[in-house]
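Chemist: Sequence:
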Amino acid sequence: MMQIKKTFIIPVAIMLVSVLITMALFRLKNDQPKRKHITRSKIVEARVVQLKSIPTEITVYGRLVSSETVSLVSEVSGTIERGTVPFLPGQSFKKGDLLLKIDDRQVRYDLNGLKSDFLNALTAVLPELNVDFPEAYRTYQDYFERISFKQPLPSLPEASDQKIKLFLTRFNVYKLYFSVKNQEIRLSKHYFYAPFDGSIVSADLRVGSTARAGSKLGQIINLGSLEVEAPVPAQDIGWIDLHGTVQLTSSEIPGRWNGKIARIGKAIDEKTQSIPVYIRLNSRGQKPLYSGVFLTAHIPGKSVDNAFMIPRRALYGKSNIYLIKDGKLEYRPVEVLRRQAGEVILGAGIQNGDTVVTEILQGVAEGMPVKMRSASDADQAGGRQGSARQ
1 MMQIKKTFII
11 PVAIMLVSVL
21 ITMALFRLKN
31 DQPKRKHITR
41 SKIVEARVVQ
51 LKSIPTEITV
61 YGRLVSSETV
71 SLVSEVSGTI
81 ERGTVPFLPG
91 QSFKKGDLLL
101 KIDDRQVRYD
111 LNGLKSDFLN
121 ALTAVLPELN
131 VDFPEAYRTY
141 QDYFERISFK
151 QPLPSLPEAS
161 DQKIKLFLTR
171 FNVYKLYFSV
181 KNQEIRLSKH
191 YFYAPFDGSI
201 VSADLRVGST
211 ARAGSKLGQI
221 INLGSLEVEA
231 PVPAQDIGWI
241 DLHGTVQLTS
251 SEIPGRWNGK
261 IARIGKAIDE
271 KTQSIPVYIR
281 LNSRGQKPLY
291 SGVFLTAHIP
301 GKSVDNAFMI
311 PRRALYGKSN
321 IYLIKDGKLE
331 YRPVEVLRRQ
341 AGEVILGAGI
351 QNGDTVVTEI
361 LQGVAEGMPV
371 KMRSASDADQ
381 AGGRQGSARQ
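Quick note: the sequence shown uses the working numbering, first residue 1, plus one each step.
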């Protein structure tokens, strides 16, 4: 009997002790003070709005080329002879330099033969003029003395009287005069003088070669008339400030250059929907550039009044931004006046004093508590990053 009682009492006692211990622990837990839940504000980068006039800019790319590229084509036949500068690719020259010439002996002899016939005609008409028109005789006598076989024929004096004109016509003076001038034009086609300061791009025929009518001799460019042809999106054409100075840069050549808008095309490229804009390079006093180099052109645009600029990353959707208002996030639609490289210009929808978030936000919602990042916050963040790197 006693054995049965022990078997029953021991488990009951263990259960009672367990219950008492559990109750004591529960009371002890309830007696501990509860921690208050603290909501921390997210720190974000932001800017305070100050509306002002903002200049715009259009960034485009193009290749520098000469606006004056001249192909030298022979209109006569003959052997090519040396000029005053070597006719070789890359050779520079000055305006008026003789680039090359084509053997002119035959044409020059024909010209002098015509001049001789012209002098004979004047010799025949001068005695007649001396008798009937002594005043005109002195004029034509001086003209006769000024004619040289080595110089171009001077302009024929104008006949002051109809009878003088008849005399000159009867002795073939006019006919021979124009024959000589025509032969002088033929002679001039044997010489190729530089029309500007420039460089030889190509030399298709060299000295000693035989040129024929229609033969391409080479190509030259004007180094003082360089321009960039840059395609500009059609929607940006209206923003261009035609009188502003264009800044030009190159990824291959260090430096900056200035230019001006020379002209704007009148047709849209069907494939790119862009319009060519031609920028004339101002080469005076600037580091020389080479034809063919690719340049980046920063074209000044028209200014926008009462506007504010933010990074493109701070724009959500097509025209929405986040603001900080009373310590909380606010999602607001705004007017986007212009989009340009890395930035957007805002108009209606914001006002002076608004705080616009300028960083990319993820996993946030309107009404979420936020705080604008201060200088001390930035320093602390930088210190933590430095410690992590160490």
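Derived from the structure by calculation, the hints contain no laboratory data. Just so you know, even glycine gets a beta-carbon here, dropped at the ideal spot from N, CA and C. Treat the hints loosely; a few may be bogus.
[Said to hold, decoys possible] With a straight-line cut-off of 30 Å between C-alpha atoms, the simulated BS3-like cross-links for lysine-lysine are:
1) Lys42 to Lys101
2) Lys42 to Lys94
3) Lys175 to Lys94
4) Lys52 to Lys302
5) Lys115 to Lys175
6) Lys101 to Lys52
7) Lys302 to Lys328
8) Lys175 to Lys95
9) Lys287 to Lys260
10) Lys318 to Lys52
11) Lys181 to Lys115
12) Lys52 to Lys287
13) Lys94 to Lys328
14) Lys287 to Lys328
15) Lys260 to Lys42
16) Lys42 to Lys115
[Stated by the list, open to error] Label-pair restraints from in silico Cβ distances:
17) Phe294 to Asp117: 53 to 63 Å
18) Thr245 to Tyr61: 37 to 47 Å
19) Arg63 to Lys302: 43 to 53 Å
20) Glu81 to Thr59: 24 to 34 Å
21) Glu252 to Lys95: 25 to 35 Å
22) His243 to Asp197: 52 to 62 Å
23) Lys302 to Arg280: 19 to 29 Å
24) Glu252 to Ser71: 41 to 51 Å
25) Arg284 to Pro311: 47 to 57 Å
Chemist: With 37 to 47 Å as the target window, see if Thr245 and Tyr61 comply at their CB atoms.
Modeler: violated (18 Å)
Chemist: Is the hinted pair Lys52 and Lys302 satisfied, with a Cα-Cα distance of at most 30 Å?
Modeler: Satisfied, since the Cα-Cα distance of roughly 14 Å is no more than 30 Å.
Chemist: Holds or violated: 19 to 29 Å for the Cβ distance of Lys302 and Arg280?
Modeler: holds (20 Å)
Chemist: Just to be careful, I want the Cα atoms of Lys260 and Lys42 compared with a cutoff of 30 Å; is the pair within it?
Modeler: This hinted pair is violated, its Cα atoms lying about 48 Å apart.
Chemist: Can you let me know if the beta-carbon spacing of Glu252 and Ser71 is within 41 to 51 Å?
Modeler: violated (28 Å)
Chemist: Assess, step by step, whether the Cα of Lys318 is no farther than 30 Å from the Cα of Lys52, and give holds or violated.
Modeler: This hinted pair holds, its Cα atoms lying about 23 Å apart.
Chemist: Indicate whether the distance between the beta carbons of Glu81 and Thr59 respects the range 24 to 34 Å.
Modeler: The hinted range 24 to 34 Å is violated for Glu81 and Thr59, with Cβ atoms some 50 Å apart.
Chemist: Check whether the Cα positions of Lys42 and Lys115 lie no farther apart than 30 Å.
Modeler: violated (98 Å)
Chemist: Straight-line Cα separation of Lys175 and Lys95 no greater than 30 Å?
Modeler: violated (35 Å)
Chemist: Holds or violated: Lys94 and Lys328, Cα atoms, limit 30 Å.
Modeler: violated (71 Å)
Chemist: Does Lys260 lie within 30 Å of Lys287 when you go C-alpha to C-alpha?
Modeler: holds (17 Å)
Chemist: Does the alpha-carbon distance linking Lys302 and Lys328 stay inside the 30 Å limit?
Modeler: violated (36 Å)
Consistency note: the structure conflicts with the earlier hints numbered 1, 2, 3, 6, 7, 8, 12, 13, 14, 15, 16, 18, 19, 20, 22, 24 and 25.
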